[in-house]
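*Asks:* So the chains spell out like this:
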Amino acid sequence: MQLEDKQILELISDAETIDKGFNALVDKYQEPLYWHVRRMVQVHEDADDILQNTFIKVYKSIAKFRGDSKLYTWIYRIATNESITFINKRKHIDELNDNIRLQEDPFFDGDEIHQKLSVALNKLPPKQKQVFVLRYYDEMNYKDMSDILETSVGALKASYHHAVKKIENYLKQGIIHV
Amino acid sequence: MSEEKRKDYFKNMKSSLQAKLVDEEIFDWKDFPTLASLEKNELLVPDGYFENSKRHLHRSSPKSNIRIFSMFKYAAVLILPLAFFIWSQLQEPTIEILPIAAVNDFESIEYLAEDDWLSEDDFLIFEDTDEITLFKDLDTEDIIEYISNESDIYDLEHLPIF
Numbered sequence: 208m209q210l211e212d213k214q215i216l217e218l219i220s221d222a223e224t225i226d227k228g229f230n231a232l233v234d235k236y237q238e239p240l241y242w243h244v245r246r247m248v249q250v251h252e253d254a255d256d257i258l259q260n261t262f263i264k265v266y267k268s269i270a271k272f273r274g275d276s277k278l279y280t281w282i283y284r285i286a287t288n289e290s291i292t293f294i295n296k297r298k299h300i301d302e303l304n305d306n307i308r309l310q311e312d313p314f315f316d317g318d319e320i321h322q323k324l325s326v327a328l329n330k331l332p333p334k335q336k337q338v339f340v341l342r343y344y345d346e347m348n349y350k351d352m353s354d355i356l357e358t359s360v361g362a363l364k365a366s367y368h369h370a371v372k373k374i375e376n377y378l379k380q381g382i383i384h385v
Numbered sequence: 641m642s643e644e645k646r647k648d649y650f651k652n653m654k655s656s657l658q659a660k661l662v663d664e665e666i667f668d669w670k671d672f673p674t675l676a677s678l679e680k681n682e683l684l685v686p687d688g689y690f691e692n693s694k695r696h697l698h699r700s701s702p703k704s705n706i707r708i709f710s711m712f713k714y715a716a717v718l719i720l721p722l723a724f725f726i727w728s729q730l731q732e733p734t735i736e737i738l739p740i741a742a743v744n745d746f747e748s749i750e751y752l753a754e755d756d757w758l759s760e761d762d763f764l765i766f767e768d769t770d771e772i773t774l775f776k777d778l779d780t781e782d783i784i785e786y787i788s789n790e791s792d793i794y795d796l797e798h799l800p801i802f
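Line order of the protein sequences matches chains A and B. First residue of the first sequence? That's 208 in our numbering, and the numbers climb one at a time after it. First residue of the second sequence? That's 641 in our numbering, and the numbers climb one at a time after it.
No wet-lab data here; the hints were simulated from the structure. Among these hints, one or two may not hold up.
[To be verified] Think about it this way: if two alpha-carbon atoms lie no more than 27 Å apart in a straight line, the pair counts; the simulated DSS-like pairs of lysine-lysine are:
id, chain 1, residue 1, chain 2, residue 2
1, B, 651, A, 298
2, B, 670, A, 277
3, A, 334, B, 651
4, A, 364, B, 660
5, A, 277, A, 330
6, A, 350, B, 647
7, A, 350, B, 654
8, A, 323, B, 680
9, A, 364, B, 647
10, B, 651, A, 364
11, A, 277, A, 323
12, B, 670, A, 235
13, B, 670, A, 350
14, B, 647, A, 372
15, A, 334, A, 235
16, B, 680, A, 330
17, A, 350, B, 660
18, A, 330, B, 651
19, A, 271, A, 298
20, A, 296, A, 267
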């Protein structure tokens, strides 16, 4: 049975039960976070690295978490920042290389249209990509997205609409207007 | 229905309506049929990935502050002798005494000897008179006396007179 965030934080705040609390946190969040990161970076190996870094950062800074935001949105923000940092580091690597990596990833089982979707996703500006992944794949509500990305609900809705339009256009015509 | 219940009903309806509206899209999915029709199951994970990932994470995270303290303790055992060694080395005089032959080979000394930095037009100002006196008008003894007074360095008082 998964613990509530409040219970997890109580365990973590006590030196005697910190490991138990962190175990519970990993149990609860590793899978949704993995899929969020995986959608952002596509390749399993990269998602695995980012997930590890995310949890290490969470562990190191959980003592400073004051509870002003929900634990859920705080962890997602760390994972999102880690993914964006990774994507920015890989900017110099050409798109072709990224597509080959995806095709060679044994854990990618998509057909041609999924590959196209992946290309289109990589062509989006990082912030728009974040919005798309959180809404389309993670099916997160706008209020939580607003907390994670520190952006107004209206701006997020507009951003998602733009992303959907661009991707649809690319899937149909092979052109994306960034 | 009591007044209070009626108030609650409208208040709850308003907040539930707001929540629904906040999550409404500003577009219609019918306008994006290709994307809307796609299935989202193209990505796989290795078997047992989440179980293994959890074990790996627990191995790589520090267990407690006590363990960190122990690491500091062991580091201190190594660092203290090294710090003492570096400190003792710093206490040693580092002036290297060279044989005369080596000193004569210094390029800087040759440069100073060849340089005419002390030209005849250079001058000294004596504080008590404020008179400007050119080097060329002074005896060597006077120059040495001036420098000795100014610098108060013992060795300068015992310079050989040329």
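*Asks:* Each hint should be assessed against the structure and marked as holding or not.
*Replies:* Hint by hint, here is what the structure shows:
1. 651/B - 298/A: 50 Å, violated
2. 670/B - 277/A: With Cα atoms ~34 Å apart, residue 670/B and residue 277/A exceed 27 Å; violated.
3. 334/A - 651/B: 36 Å, violated
4. 364/A - 660/B: 14 Å, holds
5. 277/A - 330/A: 31 Å, violated
6. 350/A - 647/B: 26 Å, holds
7. 350/A - 654/B: 17 Å, holds
8. 323/A - 680/B: 13 Å, holds
9. 364/A - 647/B: 32 Å, violated
10. 651/B - 364/A: 26 Å, holds
11. 277/A - 323/A: 35 Å, violated
12. 670/B - 235/A: Answer violated: residue 670/B to residue 235/A is near 35 Å, above 27 Å.
13. 670/B - 350/A: Measuring from Cα to Cα gives roughly 24 Å; hence the hint holds.
14. 647/B - 372/A: Status violated; Cα separation ~42 Å.
15. 334/A - 235/A: With Cα atoms ~26 Å apart, residue 334/A and residue 235/A stay inside 27 Å; holds.
16. 680/B - 330/A: This hinted pair holds, its Cα atoms lying about 19 Å apart.
17. 350/A - 660/B: Between residue 350/A and residue 660/B the Cα gap is close to 11 Å, so the pair holds against 27 Å.
18. 330/A - 651/B: Judged against 27 Å, a Cα distance of about 44 Å means the pair is violated.
19. 271/A - 298/A: Distance ~32 Å between residue 271/A and residue 298/A Cα, so the pair is violated.
20. 296/A - 267/A: 23 Å, holds
Hints 1, 2, 3, 5, 9, 11, 12, 14, 18 and 19 from the earlier list are contradicted by this structure; the remaining hints agree with it.
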